[in-house]
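Going line by line, the protein sequences match chains A and B. Going by numbering that gives the first Met the number 0, the first residue of the first sequence is number 0, and it counts up by one from there. Going by numbering that gives the first Met the number 0, the first residue of the second sequence is number 0, and it counts up by one from there.
Here are some chain B residues pointing at chain A (derived, C-beta under 8 Å):
id, residue
1, 176
2, 182
3, 184
4, 189
5, 197
6, 274
7, 275
Residues from chain A shown here face chain B by an in silico Cβ test under 7 Å; the list is partial:
id, residue
8, 62
9, 64
10, 84
11, 85
12, 91
13, 93
14, 97
15, 101
16, 110
17, 111
18, 114
19, 115
Quick caveat, the hints were computed from the structure, so don't treat them as lab data. Just so it is clear, CB atoms sit at the ideal spot from N, CA and C, and this is done for glycine as well.
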Amino acid sequence: MDMNLNAHVRAAQGKALSVRRLTHSYDQKIALGDVSFEVPAGEIVALLGPSGCGKSTLLKSIAGLIRPSRGEIRLDDVDLAPIPCQSRRIGMVFQSYALFPHMTVSENVAYGLVSHGTPRAERSARVEQLLKLVRLEAYGSRLPRELSGGQQQRVAVARALAVNPSLLLLDEPFGALDRALRAELQVELIRMQQSLGITTLIVTHDQEEAQTVADRLVLMNEGCVEQVGTPEELYDHPVSLFANTFMGHASIIHCEAVGGDDTHTVLQLPDQSVLTLPRPLGFLAGSKVVLTFRPEDAEVSESAAPGLLPARLLHCTTLGAHLQMDLQLQDGTPVKAQASRRARLPSLETGRTLFIQIDVQRCHLFPGAGATSST
Amino acid sequence: MNALAAPSLRNLPYFGPMLTASVLFFLAPLVVLAVYSFSSPEGASLANYARFANDEFSVSVLIDTIRLGGSVVLGTTLLGLPIALLYWHAGPRIRQWLIFLILLPMLVSNVVRTFAWIVILGRQGLISSTLLYTGLSSTPTNLMYTEFGLILALCQIELPLLLLPIIAVLSRANRSLVDAARMLGAGSWRVLLTVLVPVMLPGLLAGWILVFASACTSYVTQAVIGGARLIYLPQFIYREVGVLFSWPYAAAVAFVLLVSTGVVMLSISALSRHRRLVGHA
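Bound-form chain A, shown alone (with noise of 0.2 Å):
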């Protein structure tokens, strides 16, 4: 991209945002219970969570379209509740684009610049400037219904823009389009990010979509914050289990913890068989407990050996350069195994039984129902 417009559309730098304790409930239904989280400045983070989380509500607060019950929203230390949403100068990106059917898409661009009062001028300047950063300079007189779904999308992105907003909030920017596009729209929405370095929110319900475009996640569950960290840390250390299944895939164990010490964990499955993890015991003897791992920590072998679970093969898939075998434990439990097409595998006839390593450095435990910690 041509550095020089970068300069000219970089005028207001991103500010860092803080949500602290935010809680807010339609008809005595909670939609956000006490949340709190930080974008810093010029940082892209990603809202995620599955649909009726509190995310839409929760950019609708930041974005002072309701008015939260309790909690502080504060850009750059400045707190937001008695700024109304007109003057927050906020850009965002609404789910259907929100695009103005009878307005023509340069005037659409310019909505925001006329309610500030720019001279016009330098609103025909700026106009241009965003199309030509979106790539749509040829697009100018068109409605918006004479645009593609993808086209849409980046005049929404420029309209928001247009008033040098300090923060960008994205409603499921990429909800409607098809997944070639998104990935090509995800890829350019980075790129614009980093150029201009505005902090941006995303909500996303899409964990993939969330890990590609995210410096950050901030996993919500049921109007609470789940998990907050970069997607490592959410994929590879998960606070709880709905994180744990939430990003990406995992099996799901039931079992009982039975014994251990300060440097070992004994679980016996539900095929009484025994497992031991290298890790301090965490939990009262006797309680349940939930063991995860995810299909690339599970390795599949043909012959019996202590410590291995026997399942039943009963499909592969071929993903790329993966192959996924889904399992059934001995008591039905259905778990999900990866191995690289390279390697050397057994025989995968459907209706076999393989032999499943669980990769007990990598797995998780959590607390099944009715458990006590000991800790």
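Given the structure of chain A, go ahead and fit chain B onto it with the hints provided.
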């Protein structure tokens, strides 16, 4: 409607009944009327139209009729826009009540509604007695047989015709448009003028067509509230048909009414085909 294929003979069973009904009950009478309007003692001629155009009174009746339609369109718009905005901002319960209240007058016959207005507009009516009681006027006010009284009554009677298309458009409108405008720094007035009104416009134009056509041709209301003092084209035609038995002339006047209101309506609908308005309603 580009989704509908051009009528072909294969689709005859589908459009045949409608076509027959249209030809028999709409096109045929219209042709008969047209033939009548050109007949005169000297054979086929434009004499009836010439008589209308050369008669100052007839032309003034035509102008009054168009002006009445225009005034009612303006009046219903001024009354309707606030109600439409209330509908936009209301929750689902209030919306249901609003639709019920808007439809309620339509359940009562036009004749009954017109007679109700006599009670309100007359010398001893609601408006007059309220003005006397509050001391705003020392003499009774009579709004019967005045243009203002007639416009007032017609505005109330035609209001649902304006509101229903607007509400249909608003129910489908994307609420994020207003949020987007506010995020871009627009205040309430700017949101109203640059977002809400343009979004409503296709419905508003459809409503204008309905209200204009209905107000120009509302014979009963015009006759009862306008009385003998205010004459509009429908009464004018009735007089030629029922009193003076001058059917050819009445047919010509009817065609003048049809064409003049038709021109106004066609120009409104041409507006609604503007490129900026197509497709988002």
